[in-house]
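A.B. asks: Given the coordinates of chain A, work out where chain B should sit on it, guided by the hints.
Chains as they are written, first to last, in this note's numbering: chain A, 1 to 127; chain B, 1001 to 1156.
Don't read these hints as lab results, they were simulated from the structure.
A quick note: this is a predicted structure, and the numbers were derived from the prediction, not measured.
Some clues are possibly wrong.
[To be verified] When the alpha-carbon atoms are kept at most 30 angstroms apart in a straight line, the in silico DSS-like pairs for lysine-lysine are as follows:
#1 K3/A to K1120/B
#2 K1044/B to K3/A
#3 K1120/B to K1044/B
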Amino acid sequence: MRKQDALFLALTAGTIAFAMAFAYPAFTSESVIWYYPLEHRWAFEVTAHGVAMDFYGRTLQAVIAWSATFLVTLPIARRVHATGQRIPFLFGAWALTATVFVMLFYGWTLHYRIPVPAKLPSWYQPR
Amino acid sequence: MPDIAFDSAARLLVVLHAAAAIVLIGSTTHHALIAVGYLRGRNKVRLGRIYAATLSVAYTVTFVLGLCAYPTFRYHVRALFFDRYEPWASNLFDTKENFAALGLPIVVLVFVMSRVIDVKEDRLLVRMYAACALLLAAIVWFDVFSGIMITMARGV
Chain A
1 MRKQDALFLA
11 LTAGTIAFAM
21 AFAYPAFTSE
31 SVIWYYPLEH
41 RWAFEVTAHG
51 VAMDFYGRTL
61 QAVIAWSATF
71 LVTLPIARRV
81 HATGQRIPFL
91 FGAWALTATV
101 FVMLFYGWTL
111 HYRIPVPAKL
121 PSWYQPR
Chain B
1001 MPDIAFDSAA
1011 RLLVVLHAAA
1021 AIVLIGSTTH
1031 HALIAVGYLR
1041 GRNKVRLGRI
1051 YAATLSVAYT
1061 VTFVLGLCAY
1071 PTFRYHVRAL
1081 FFDRYEPWAS
1091 NLFDTKENFA
1101 ALGLPIVVLV
1111 FVMSRVIDVK
1121 EDRLLVRMYA
1131 ACALLLAAIV
1141 WFDVFSGIMI
1151 TMARGV
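So here's chain A without its partners, still in its complex pose (with noise of 0.2 angstroms):
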């Protein structure tokens, strides 16, 4: 495969990955890093217990997803003997579709989501 498409085809299996890994603990009991702003503290839960931050942890997890898959993919890519830019188009059809799809599944969900509000401190005056 020519250069330009097997870098094509990697970034785009790199992106579905990273927007699958990105996905995986909103439809999985999964445990994933935390991070506690109050306590300065991470964690890694399934679920948190307090103010808690899992998007460091998510971002890092689909980071680490596009990294290996990129890796992997590049190096198969330049020994595929294709000609045409088909296998590579459709790699990028499925990366665009699997992060509209992402987007959407968040989009949906956090529309309808109630959240809950942390107890209010003492010291608490709103500015």
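C.D. replies: Okay, now just chain B, sitting in the frame of chain A:
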């Protein structure tokens, strides 16, 4: 008052985050227009590469500054105010941050492909490249306007 990471610098971080987002929305939009131009035979390749590089840097800077300001926002704005009084803003923020993360691999794709693609020969790749550029522009426009609405409701 609890001690939160980057709390004392949170306002400055958000101002810089917004400044980087101004550069980002401009470069992403110009890049998307140039990518659509490739489909119509208007091959401004050098300009496309410049905008792709600019948007890649601006996206990374905006994203990292947002990550730094996030702990302060998560507690002082979201946990103590939005979740109680403005739940729509909480949900819009989480939608925005998830969309921003999903844009990261597309930024890398656009930057790398802008360097190696031959817009005259690789016609199938150019179509997909333009689609990626348009999706990226849509994410950035959504995120910028969501950010403005959220900050109007309450900032850090």
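A.B. asks: Would you pick out the hints that fail for this structure and give their numbers low to high?
C.D. replies: Every hint satisfied by this model.
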